[in-house]
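Let's have the full structure, built from the sequences with the hints guiding it.
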Amino acid sequence: MRSAILTEVLRQPERIRGLPAADWDVLIRQARHANMLGRLHARLATAGQTPEIPEDAARHLIAGAHLAARLHHSVRNEVIQIKAALDAANVPLVLLKGAAYVAATLPASEGRIFSDIDILVPRSALGTVEGRLMQHGWITPPISAYDQHYYRQWMHELPPMQHIFRGTALDVHHAILPPTARYHPDPRSLLAERVEVPGLPGVFTLSPADMVLHAATHLFHEGEADNALRDLSDLDLLLRHWGAGQPETFWSGLLARARQQQLTHQLWLAVHFVRRIFDCPVPPAAMQSLASFEPGTMHRKVLTVLYDRIFLPQHASCRQAGASVARTTLYVRGHWLRMPAHLLAAHLLRKAFAPSRIASPQADHH
Amino acid sequence: MKLGDLSQQEYLHRLAGEGLRLRTGPFVVRIRSDIDAVRQGLRLLYEHNPLAADDGFADFHVAVRHGGVLRRWFRPQVRFEVDGVEPFLPLPANQALPMLEWGMNWCITAYGHHQLVLHAAAVARGEHALILPAPPGSGKSTLCAALVNRGWRLLSDELTLIDLASGTVHGLARPVNLKNDSIGIIKRFAPAAVFSAPATDTAKGTVALMKAPTASVDQATAGTLPKWIVLPRYTPGTSARLKTMPSGAAFLAIADNAMNYHVLGRKGFEAVGRLIDRCSRHSFEYSELDEAVACLDLLASGGVIG
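Heads up: the sequence lines are chains A and B, in that order.
The first sequence: position 101 = 142 (this note's numbering), numbered continuously.
The second sequence: position 193 = 309 (this note's numbering), numbered continuously.
What the hints contain is simulated information worked out from the structure, not anything from laboratory work.
What you were told as hints is all true, and nothing was included just to trick you.
Residues on chain A that point at chain B, a partial pick, calculated with CB under 8 Å:
#1 Ala62
#2 Ala63
#3 Trp65
#4 Asp66
#5 Arg70
#6 Asp97
#7 Ala98
#8 Arg100
#9 His101
#10 Ile103
#11 His107
#12 Leu108
#13 Ala110
#14 Arg111
#15 His114
Using C-beta positions, here's what the derived DEER-type ranges look like:
#16 A:Pro325 to B:Phe204: 51 to 57 Å
#17 B:Thr316 to A:Gln90: 49 to 55 Å
#18 B:Gly283 to A:Gly59: 29 to 35 Å
#19 A:Pro61 to B:Gly120: 27 to 33 Å
#20 B:Ala365 to A:Pro288: 55 to 61 Å
#21 A:Arg207 to B:Leu341: 33 to 39 Å
#22 B:Thr354 to A:Ala62: 48 to 54 Å
#23 A:Gly294 to B:Leu341: 55 to 61 Å
#24 B:Ala365 to A:Pro182: 33 to 39 Å
#25 A:Gln189 to B:Lys320: 36 to 42 Å
Even glycine gets a Cβ: it sits at the ideal position worked out from N, Cα and C.
Written out as C-alpha cells, the structure reads:
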C-alpha cells in the first residue's frame, strides 16, 4: 500500500530535502486536513530540518504553529480556572489527553490543536463537580433529551460543558470507557496513580503508563477518523518519550498495567500501528511479551486493512477504495466494544435517522 | 507567463481542467470553474497577473462551480470550494465572481496566521505604504479606488498583510470591491478604470470589481514599509481634513481591525506596536474625492498636517 507523504515525512523528516514543489503542495494539504500543520512544523524543527522548508510551504506550517501556540496559552489559563472550581469541590484536577500533554509540556503537545479540555473525576464526586463548575460559569448547552439520557445513562462522561463567557469546552469524565464496555479499566486506580505536574501544584495527569493506555483506548474505541493519524502520532511521541530513559522499566510497567486494567488488546493495537506507521522503537523484550496479546491471524488482517485506511490524512490526495466502508465499520466497532448489542442496535438506528451536523472547515472535536 | 498570454482556448481548458495557477502577490491560487461569469471576469480582471508553474506549489486550491443539476436551471446557484471543503452556503449564480473574491479572502483570513492580517486597505507611494483601516461603510474601498487611479500603487483594498518579522506589507494587488453608489462615483472619477459586470442583490447590495492598475500588479511583491496610518470617515459636506491621532487610540483602532490579533497573541501585540511606532497616525474626514486625494498626496510629500 502506498503511504501518504505526510506519514512518510513524519517518520523521516529528512525526506523533505529536495522534495519537489508538487509534493509540498500535497503535504501541506494533507497536514491541514489531518489537523497536523503545527505538529509537522514541530517535527521538522526538532529534526533540524527547518532550513530545508521552502518559503511558500513554510508560511502554512508557521500558521499552524501559531494556532497551536495560541491554543496552548489559553489551555494553560483555562486549567487555572478549572482548578479553582474543583478546589471548591475538594476534588483534585486530573487532566486527560491534549490538556495533559500541554500542562506537562510533553513532546505529544508540540503543535497539537484540539478543541476541548478533558478531565477525570471520581464518579462519586460527579454531582458536586458539575455543581461547582456551573457556579464557575460552565454550562451544558442544550442537547436533545435522547442525547442527555444517553450521556447520563450509558456514557463515561457528562454531556460536554461550555464556559458561558469564554466559550471554552470541557468534558468531565468519570471513567475512560463507558460502564457498558467489554473492558473495565478501573478509574479509581487511574486516579490513585495520578502524577502531579512539576511546577503546577495541585494539577495532575495520569501516570505515564495510564496516559499511553488511555490514548490507545480513546483512539481504538471512539472511532474518530478525522484525527486518527494525529492521535496515533501522539502515541508515537508518548512511547518514544518515556521509552527513551529506561526502556525496560517503562515497558515492563506498561505491560503489567495493561494486564491489570484489561487493556492488552488496545496496547497491542497501539504498538502494532505506531511501529507500522511511524517506525516507533520498541525493545525486543516488550515485543515478546506483547506477542501473547496478538489477535488471531484473520482478526489481525481485517484490523490492519481497516486501520491502514483510517491512518491516512482525510484528504482527496489519499482517498482510496474502501475508505468510507472502513470509517463506518470502525465507527460501529467502536460502539460494539463499548455497549451490548441491544443498546447498540437501538442507538445506531436512532443516529441513522437523526440529521448530522455540518462539519466546520477546521472542525476538531477532541 | 501572464494570464493574458494564454490563448482563449488554453485559458478555458485550464479553468475547466487542471486549474489556472494565478499568482496574486505572495499567494498562488489554483482556480477551477465552469461558470461563464468567472471565465469572463477572471480574464478581464487578472490578465496582467503572472501564472505559476503547473507542477509548483499552490497556497489554495479553489473552485467555483454550479450547484447541482437542478440548480443549474431552477434559481441557479454557485458553490465555492477550497481543498474540497465548502466554507459557505451556495449563493445565487449571478454572484459567482464576487464569491470567488470573498472565498480567496476567506482562505487568507482562515489560514494566513503566519502574518498579521488587518481588515484595511493599503496603497503605496514609492517604498512607503499608507494603511487605511476602517469598519465597512467608512468609505475605505472608495477612497482606495480613487487613490490608485491618481498615481498611488494598490497593495490591497480589503486585507492588509503585515510580515511579523520585517513589518513590511505584502501587496495582493487584487481587484477593488466596490458597492452600490461607489461604483458610479468611481466610474465618473476615473472613466478609464476597468470594471466587471455588476452583481446585484448580494448581501452587500450591488457589487462590482475594479481591475487593479497594471503597474500595481507588476510591483505587487516589491517590499513596502508602512509609513502612514489614516482612519478615513466619509462625512458628507465636510472639507478634507487630517488630524493627528494619539498612539493609544491608533493602537486600538489597528488591533480592532486585526483579524487574527487573538490568534497571534503576544506576536500580534508586538507587531501592532511596531506598526504604530513606525507610522504617523491620523484620522481623516472627507467628502470630495479630488480633495481627499490632494490631501493625502500632501501627506505623502511631507507637507504640514493641521
